[in-house]
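Colleague: Next come the chains, spelled out residue by residue.
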Amino acid sequence: MEKFLLKYFTLIRVIIAIAIGIVISVFLIFLISREPGFSLRSFLLGPLLTRSRFAHVFETASPIIFCGLAIAVAFQAKQFNIGAEGSLYIGAAVATAFAVSTNMPAFIHIPLVLLVGGLTGAAWSFIPGILKAKWKASELVSSLMLNYVAYFLGLYLINFHFRDKEAGFLVSYQFPETAWLPRFIPDTRIHYGIILALVAAVLVYYFLYHTTTGYEIRSTGFNDRFARYGGINVFKVIILCQVILGFLAAVGGTTEIMGIHRRFVWQDSPGYGWSGIIVAIIGRNHPLLIIPASFFLSYMQVGGRVLNLMSDVPAEMITVIQSIIILLITAEAFLSQWKYRITLRQAEKGDAV
Amino acid sequence: MNPLMKSILSVEFGFAVFRVMTPLLFAAIGVSISNLAGTINISMEGTMLVAAFVGVIVSAFTKSLVLALLAGIAAGVAMGAILSYFHLRLKADIILAAIALNIFASGITVFLLFIITGEKGQSSSLKSLLFPEVHIPLIKSIPVLGTIISGHNVMTYGTFLAIILFYIITFKTPLGLRIRAVGQNPNAAESVGINVNRTRMWALMLSGFFGAFGGLYLSMGYVSWFARDFVAGRGWIAIAAATLGGYMPLGTFLASLLFGAVNALAIYFASLQIPSELIALIPYLATVIALTIYSARALKKRTRKVGEAKQVGKIKESI
Amino acid sequence: MDNILEAKNILKVYENGVIANRGVSVSVEENTIHAIVGENGAGKTTLMKIIFGIEQAQEGEIFFKGSRVSIRSPNDAIQLGIGMVHQHLMLAPDLTVAENMVLGNEPRRARIFLDTDRAGEITRQVSEEYGLQAPPDKKIKDLPIGVRQRVEILKALFRNAALLILDEPTSVLTPQETEVLFKTLRNLKNQGKTIIFISHKLNEVKQIADRVTIMRDARVIDTRGVEELTEHDIAHLMVGRDISFERIPASANLGAPLLSVRNLSYVDDEAILVLNKFSFDVRAGEILGLAGVVGNGQTELVRILAGLLQPSEGEITLRGETLIGLSPRKIREKGLCHIPEDRMEDGVAEETTLEENFILDRYYKQGFSKGIRLLWKDISRHSAELIAKFNILAPSGKTLVSSLSGGNIQKVVVARELSSDPDMIIAAQPTRGIDVGSEEMVHRLLREARDRGRAVFLVSADLDEILKLSTRVIVIYNGEIVAHFQDMSKVRAEDLGPYMLGVQREEAVSGKVPA
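Protein chains in written order, with this note's numbering: chain A, 1 to 353; chain B, 1 to 319; chain C, 1 to 515.
If you are wondering where the hints come from, they were derived from the structure by calculation, not from laboratory data.
All values reported here derive from a predicted model rather than from experimental measurement.
C-beta: ideal position from N, C-alpha, C; glycine also.
Keep in mind that the hints are not guaranteed to be accurate.
What the hints assert, rightly or not - Taking lysine to aspartate or glutamate pairs in the EDC-like style, the calculated list, with each CA pair at most 16 Å apart, reads:
(1) A/Lys78 x C/Glu351
(2) C/Lys206 x C/Glu179
(3) B/Lys172 x C/Asp233
(4) B/Lys120 x A/Glu332
(5) C/Lys398 x C/Asp423
(6) C/Lys189 x C/Glu106
What the hints assert, rightly or not - Here are some, though not all, of the chain B residues that point toward chain A, as calculated from beta-carbon distances under 10 Å:
(7) Ile103
(8) Pro132
(9) Val134
(10) Pro137
(11) Leu138
(12) Ile164
(13) Leu278
(14) Pro283
Unchecked claim - Which chain C residues stay away from chain B? Per the calculated CB distances, all over 10 Å, these:
(15) Thr45
(16) His86
(17) Val102
(18) Gln133
(19) Asp210
(20) Arg224
(21) Ser327
(22) Arg373
(23) Leu404
(24) His484
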């Protein structure tokens with residue numbers, strides 16, 4: 001039993017952190033809700049109770065998976081680029097501009113719109129990449145600032161050039177049907193984006209762990225001096241992983257637009273970029289773990305919305321719980337005493353490595 | 001003279017610069033002081049948000065500015081303490097922990113706002129207080145200069161005090177000395193018996209202290225309410241300002257002034273029929289450019305020529 | 001005269017199994033200047049760390065001023081009256097002299113303010129009392145290193161040190177500054193202080209010390225009065241060997257120079273000329289040893305050869321092709337491999353598996369990847385082969401490097417670098433800090449490479465190693481070659497010692513192979 005604990009210690013730590021988060025949320029609900037039992041049920045089971053809500057979980061998971069993958073690739077090279085949100089936004093905006101201005105059969109239009117979005121996002125994240133590689137400028141600060149610039153630029157593009165004046169809100173023109181990502185489950189908005197997301201996760205996993213470039217990225221993350229000493233072009237790696245981040249995040253945003261809204265509707269930045277950071281941390285930057293992490297997060301978010309709607313507890317409780325969970329996960333020394341004691345007992349038994 | 005130039009050189013602009021600079025400077029001081037100890041604090045955004053919220057709530061319910069001030073400060077210090085606990089004690093990566101704290105702040109403020117007021121967007125239903133404006137008796141009558149200097153919110157004048165306080169703490173107290181020592185050479189500090197972690201904890205808490213004022217000003221001076229995420233990236237710009245200023249009092253002040261000017265400028269560009277979105281992005285873009293220039297100059301990567309050698313041999317013995 | 005300090009039978013074994021002090025006993029008389037000498041790795045720094053409380057011994061006792069003491073931390077040592085001036089000065093560069101002086105013991109005004117005036121006063125007081133000038137208001141980074149060191153001494157004196165330990169104090173000083181330091185030390189001795197100093201510079205030991213303790217191989221060889229010994233005597237005691245080892249016959253199958261370095265010079269970021277017109281050749285079928293105390297430019301030389309650093313001037317050619325300006329990868333592809341002196345910093349990525357460490361230089365080559373795809377089956381097989389062939393003690397290729405011992409980690413590095421059968425091997429401090437078994441293996445492998453006609457450039461501060469393996473030896477001192485031994489058959493350690501320690505030098509010498 002203890003051997004098992006040691007081997008999967010990190011995973012167990014993550015699970016315990018999540019469990020603590022859930023316990024706290026239960027506690028909070030009991031504290032503030034006038035109908036705690038009902039609220040709790042809404043939160044924990046809400047997403048399962050109706051077809052549309054359950055579908056929501058899948059719909060929301062899609063862009064989160066993309067952003068999680070995006071962040072994971074950069075974090076694996078120890079590049080703290082948090083610009084997924086900005087790349088996503090401007091990628092989707094430019095993709096919208098392209099989608100509504102062009103006409104072609106769907107089988108070309110769809111991939112092309114996605115490509116335009118992805119490349120825009122990639123180009124956007126290239127900036128922090130090159131600034132870091134060439135001048136050692138903090139990619140954290142530059143990507144953050146560029147998030148804001150991307151937001152305003154994207155907003156300007158849509159509101160001033162592609163605004164649908166006939167619609168009631170500040171939104172873009174509708175996409176031609178040839179640029180719609182089809183939905184494949186009736187009575188829901190679940191679109192092929194989720195399939196793309198899952199495929200992307202597998203591809204990114206393969207990329208990181210089974211290709212030469214992926215090896216270069218991970219080695220740079222483990223020890224950049226080691227990578228350089230061994231001949232890896234670390235300059236290229238720094239830029240490449242951030243470009244990939246931008247591409248993935250932007251594709252994620254674009255699929256959401258193409259599948260759910262079929263027009264650009266984000267007057268506020270949707271926040272998937274930040275969710276991506278959260279699931280990357282929970283999933284320890286591993287593409288396959290990011291899938292369950294994303295579903296977990298999206299389940300929580302939908303649960304939070306149900307909670308918000310049906311009871312007197314606000315959805316922001318979810319944000320709070322999420323942040324507590326990440327704090328516990330990043331705390332390396334969390335539970336380390338426990339691990340140390342187990343290790344000691346194992347060593348005494350003579351079972352040590 | 002074209003209207004833009006006229007606007008820029010107007011007294012209103014001068015006034016606006018100081019107004020806009022206020023939260024930036026407080027936060028930048030917070031970033032600077034924690035950086036001096038070697039701990040990067042990127043949770044200013046969340047710290048300001050929390051302090052702003054607490055100030056509004058406490059002032060609305062107690063009708064006391066003083067209590068609101070104290071509560072806001074306590075909230076800011078608490079943020080610093082939490083970061084320090086997770087990073088120093090539980091060994092969390094300080095960047096990731098700070099990101100988590102920012103997310104936490106964003107959530108908990110709106111969460112509590114809803115619980116207390118039933119609203120989520122803004123706290124306008126609360127009658128929260130404002131820090132007063134100060135009209136300085138003689139100075140306000142001086143032409144041009146008077147209009148720029150007098151009439152600010154007390155917090156704006158507070159920034160000057162904050163800078164002085166920052167200077168005093170850093171250079172005139174034992175704690176400041178230890179903070180600087182720990183940041184420059186933790187081994188040296190340890191070798192004379194200083195507890196490096198404890199010193200860093202104090203630095204982070206001081207960081208929260210200064211940041212709190214920035215937040216309090218935002219919700220009780222700049223505007224008179226709290227709204228979700230209304231810090232709008234100022235915490236991040238403060239990091240850039242602190243970096244540009246070399247984490248020193250004078251530098252931080254000048255850099256914050258610069259960013260304040262750029263932000264204020266953005267407002268004036270609006271008169272030029274340029275879409276507001278394009279104006280809004282100027283400060284952030286400027287930050288990236290400033291950061292790049294600063295980093296490029298800090299890099300000393302060229303290979304030196306033999307002629308440049310000032311000394312022959314590491315062992316320093318002449319042939 | 002009484003002994004101010006007595007260490008009895010100190011045993012210190014580090015976690016990685018290396019024995020740093022074995023049965024070490026030293027007595028230091030009060031009011032003397034006592035030198036401790038020994039090669040890199042002899043155990044002198046460890047002994048000082050134990051006395052100053054930075055490390056704890058497994059066995060042994062320490063007596064201070066006659067009473068048995070337990071020193072568990074630097075604070076304990078300071079309380080007793082022991083002060084240490086480390087080789088890497090423990091000063092905050094952007095603080096002033098006065099600020100560094102009072103750090104941790106700050107004088108206060110009204111309990112919350114730092115009394116900067118008083119700090120300055122204290123600095124001046126202590127300065128005058130001991131005749132050590134240091135401007136209180138200047139920042140450390142603006143002071144020459146001799147003055148910085150003085151500040152360190154003042155710090156210790158301010159804390160009432162009766163015994164001062166200085167770790168290689170003159171290694172960073174100019175001759176003038178050294179004179180000043182010596183005057184200071186004599187003054188301090190006259191004022192009742194006792195001084196221990198660790199040094200490599202035997203002429204200085206003769207100049208300033210009263211007694212000297214010679215250490216070798218984690219043991220104390222002898223402690224004598226300095227006037228009884230000449231520098232050569234001391235050098236002999238430091239490096240003399242009783243173990244016999246095989247001599248390398250002058251190689252019969254030496255080829256042409258494979259690696260040629262001409263007039264290599266390098267100026268570092270601090271504008272110091274670290275390498276000065278360095279020239280040498282390495283021939284196929286030989287091991288060229290570079291002997292020298294760490295810190296004379298070897299680190300920079302090796303990094304330049306591997307392409308990790310750009311020289312200021314000079315030429316490097318491998319088989320006639322220039323290497324300067326090539327990327328590290330290109331240099332490796334030309335057949336040069338590099339066993340780095342810091343295996344943890346450069347040689348391995350400890351957070352990942354052995355397999356991933358093994359393929360660092362070949363992951364993109366045929367057999368390990370097809371196009372962009374990594375062939376993990378082949379990689380794992382290759383990894384298992386390496387583990388077996390190089391006798392690496394690890395459960396499998398999927399083990400994390402961080403769980404291996406130092407010797408095994410070095411084997412991982414050596415396995416990777418040597419398994420590609422490179423023509424040119426650069427081995428920098430290849431057996432530093434590893435167990436005897438691993439060391440034997442590394443030596444065997446280098447010899448085998450040489451016998452197969454490869455060229456080996458061995459950079460080492462370990463004289464044993466240099467003597468055991470080298471076909472030819474060049475000695476580096478202060479960035480220059482000061483000796484070239486072409487026939488190693490009669491060379492002994494004590495012949496190399498004086499050159500390594502700067503006591504002797506040949507004129508106009510290089511490591512070039514005679515035409």
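Colleague: Does each hint hold? Answer for all of them.
Modeller: Results of checking the hints against the structure:
1. For a cut-off of 16 Å, the pair hint linking A/Lys78 to C/Glu351 stands: about 13 Å separates their Cα positions.
2. Pair hint C/Lys206 plus C/Glu179 holds up; C-alpha atoms about 13 Å apart against a cutoff of 16 Å.
3. Pair hint B/Lys172 plus C/Asp233 does not hold up; C-alpha atoms about 55 Å apart against a cutoff of 16 Å.
4. The straight-line distance between the Cα atoms of B/Lys120 and A/Glu332 is roughly 35 Å, outside the 16 Å bound, and the hint therefore fails.
5. Between the alpha carbons of C/Lys398 and C/Asp423 the distance comes to roughly 30 Å, so the proposed pair goes past 16 Å and is violated.
6. Taking the CA atoms of C/Lys189 and C/Glu106, the gap is about 28 Å. The hint is violated against a cut of 16 Å.
7. For B/Ile103, the suggested interface contact is upheld, since its CB lies about 4 Å from the closest CB of chain A, less than 10 Å.
8. For the restraint placing B/Pro132 at the interface with chain A, the shortest Cβ-Cβ distance is roughly 32 Å, beyond the 10 Å limit, so the hint is violated.
9. Against a cut-off of 10 Å between C-beta atoms, the interface hint on B/Val134 is violated, since the closest Cβ of chain A lies about 32 Å away.
10. The closest approach between the C-beta of B/Pro137 and any C-beta of chain A is roughly 41 Å, which is over the 10 Å cut-off, so the hint fails.
11. Taking 10 Å as the C-beta contact cut-off toward chain A, the hint placing B/Leu138 at the interface is violated, the least distance being around 41 Å.
12. With its C-beta approaching chain A no nearer than about 27 Å, B/Ile164 sits outside the 10 Å limit, and its interface hint is violated.
13. Hint on B/Leu278 holds. Least Cβ distance to chain A is approximately 6 Å, under the 10 Å limit.
14. A cut of 10 Å between beta carbons decides the hint on B/Pro283: the least distance to chain A is about 8 Å, and the hint holds.
15. Every CB of chain B is more than 10 Å from the CB of C/Thr45 (nearest about 15 Å), matching its label as outside the interface.
16. For C/His86, the condition that its CB be more than 10 Å from all CB atoms of chain B is violated, with the nearest at approximately 8 Å.
17. Non-interface status of C/Val102 relative to chain B is broken: a Cβ of that chain comes within 10 Å, the nearest being about 8 Å off.
18. Against chain B, the non-interface label of C/Gln133 holds: every CB pair exceeds 10 Å, the least being about 20 Å.
19. No beta-carbon of chain B is positioned within 10 Å of the beta-carbon of C/Asp210; the least distance is around 24 Å.
20. For C/Arg224, the shortest C-beta to C-beta distance to chain B comes to about 26 Å, beyond the 10 Å cut-off, and the non-interface label holds.
21. With a least CB separation of 15 Å from chain B, C/Ser327 remains clear of the 10 Å interface cut-off, as annotated.
22. For C/Arg373, the requirement that its beta carbon stay farther than 10 Å from each beta carbon of chain B is met, with the minimum near 32 Å.
23. No Cβ of chain B comes within 10 Å of the Cβ of C/Leu404; the nearest lies about 23 Å off, and the non-interface call holds.
24. With a closest Cβ-Cβ approach of about 17 Å to chain B, C/His484 is found to remain outside the 10 Å limit, as its non-interface label requires.
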